[in-house]
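Now for the letters of each chain:
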Amino acid sequence: MPLLSVEDLHAGYAVGGQMLRAVDGVSFTVNTGETVGLVGESGCGKSSLAKVLMRLVAPSAGRVLFDGTDVAPLKGGPLKSYRRQAQMVFQDPFASLNPRHTVAEILKGPLEVHGLGSRAERAQAAGAALERVGLPRAALSRYPHEFSGGQRQRLGIARALILSPRLVICDEPVSALDLSIQAQILNLLSKMKAELGLSYLFISHDLSVVRYFADRVLVMYLGRIVETGSWQEIFSRPLHPYTRALMEAVPTPGRRRHAAPLSGDLPSARNVPAGCRFHPRCPLATPLCTEADPVLRPAGDGQQVACHHAPTGAPH
Amino acid sequence: MSALLDVRGLSIAFPKATPVRDVSLTVEAGETVALVGESGSGKSLTALALLRLLPERARIASGEVLFGGRDLARLGDRELRDVRGRDIAMVFQEPMTALNPVLSVGDQIAEVVRLHQGLSRGAARARAVELLDLVRIPEPQRRVAEYPHELSGGMRQRVMIAIAVACSPRLLIADEPTTALDVTIQAQVLDLLDALRRDLSMGLLLITHDLGVVAEWADRVAVMYAGRKVEEAPFEVLFATPLHPYTRGLLAASPRLEAGQHCSVGPLNEIRGSIASAAGEKGCAFAPRCPLARAACRIAVPDLVSIAPGRLSACPVTTAAPVSEACHAAPVG
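Residue numbers (the working numbering), protein chains in the order written: chain G, -4 to 311; chain H, 27 to 359.
Same shape as in the complex, but just chain G (with noise of 0.2 Å):
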């Protein structure tokens, strides 16, 4: 049984009287022990998703189980429960540690909330969690404003790996760092993947990046899913021509000044054209996909496609 799955997620959000469909239809699963990389360009509802699944917003239609508990129903001890096991690492290590609190105070916090240890316990576990991401005990009296860039970083994932969680969002947690640092970031979080068996949702807008850390990658395209499967075969060969344009935008060493892959901006979730939503960007689209919706379908062992014109036979 997966630990984390995804059945048919909706959510969204009424702006102007109108409905963002933020996350329209969404199914994957996390399996123990494996990083799953969502890719996607903002607006594509990456993050949205991420506050369905921390239960932060509620999705209005679909499924999402823990460990084969459906956990919208939750409540009191078992949503705490459930929020033990769940934990989330965040892009803004600025933004998402309390500047008023030392660092000995944000890392005891969730222990507090969750009524977990004696206060020597406690104290205790703060140092050895600090340790652990490669920082002194003796930061524990600091302040965040204190700290570098991806000091911050290593003091988000401590706090969340201090209840000892199953899974863990990361939100683009290396977006916001310098490149010498993204390296000893993700060295980090793959460490403590081994150490802890983590399972990991790794969201990032970074292709680089997904296709060394993730195992399985989801493409999302406002709100959608149009791709999925191993890194090696999204990698290799992209079959979606969305997956293909992102991986032709990246720049690369080697290939020089190559003409712009995709027209057109990203379209608004609030605006989502008809057939698929690729279509008004796509350089395969025609009649049909102005009218018809694609749905993901089988492309090879575990890659599924949704495109009406992606070659979806057994690979060569």
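The reader is advised that the hints may include incorrect statements.
Computed spacing ranges between beta-carbons, pair by pair [stated by the list, open to error]:
| hint | chain 1 | residue 1 | chain 2 | residue 2 | range |
| --- | --- | --- | --- | --- | --- |
| 1 | G | Gly11 | H | Asn126 | 20 to 28 Å |
| 2 | G | Val10 | H | Leu106 | 39 to 47 Å |
| 3 | G | Arg137 | H | Ser290 | 34 to 42 Å |
| 4 | G | Val10 | H | Val128 | 21 to 29 Å |
| 5 | H | Ser65 | G | Glu126 | 21 to 29 Å |
| 6 | H | Ser290 | G | Leu74 | 29 to 37 Å |
Stretch by stretch, here's where chain H covers chain G in the computed footprint (C-beta under 8 Å, at least three residues) [claimed, not checked]:
| hint | stretch |
| --- | --- |
| 7 | 207 to 221 |
| 8 | 233 to 242 |
Stretches of chain H that chain G covers, calculated by requiring three or more beta carbons in the stretch to come under 8 Å of a beta carbon on chain G [claimed, not checked]:
| hint | stretch |
| --- | --- |
| 9 | 206 to 216 |
| 10 | 228 to 237 |
| 11 | 274 to 280 |
Calculated from the structure, these hints are not laboratory results. These numbers were taken from a predicted model, which means no experiment stands behind them. Just so it is clear, CB atoms sit at the ideal spot from N, CA and C, and this is done for glycine as well.
Please build the complex by placing chain H on the supplied structure of chain G, with the hints as guidance.
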């Protein structure tokens, strides 16, 4: 023949710090030069200093900014105002904060051409429509009357570029022009900047932290670390045989789309510590993070040494050793 822009020994000082030291840089007409570095490297301050747009407390402590035979660092305010926007234009990272929210985009473009070219109101409006078309904004007739909040991030950056190229500048300085944009939009904007560079024979100084952008779009690259230029090379040389341990570390630490690396196989090469480790360092600012640092590196700042034409590096350790040996010593991905 002298370069279009010739920066010599530029240092920028705040009352209690000197975040940019002794930076020299040239840009030729029609050339794209990338100035690369992470936060705290001084790359953006360097860019701002070229047009004397530094924050209030900062000043150019020494050095020259030679452009068209004049030193912009010492030019009078009036003359400098003529240069800004006409001969040298600038595009910033965040178009939403750089554009005026209460003026239509047409008015903002028209302002530049009325000021520098003395066009009438009507002619300036027509020119604004032409410029929107030039930066590939669809329906320019309609868009010209819109306000920044009505446009997407990519469109706003195109408007910024339209304003920048309105007077056909000879040099365009673009400070992280695509950092705030999505990857497919980033490709469109870089493609546009490159086409304009070609069509208008502009020099383009691209300030970026993104090595991928550098590799794909720059002719020459200068790498900055903690306020100094530590390496310079033509782009293909830099990526094939990086010399400075910082450059090598950056290249090795980057996950690549085309490389075979995956976390299940092994960790990424890290650069230990952070740029803050340079604080209080007497010698090479990179020494506290450098796998090759020797005692001498901590005593004096190494000179930027010319190794071949257009090829500079400020690391005596890797410059002295044969390249192959040095490459074995440093982890190169």
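Which numbered hints are broken by the structure, listed smallest first?
-> none
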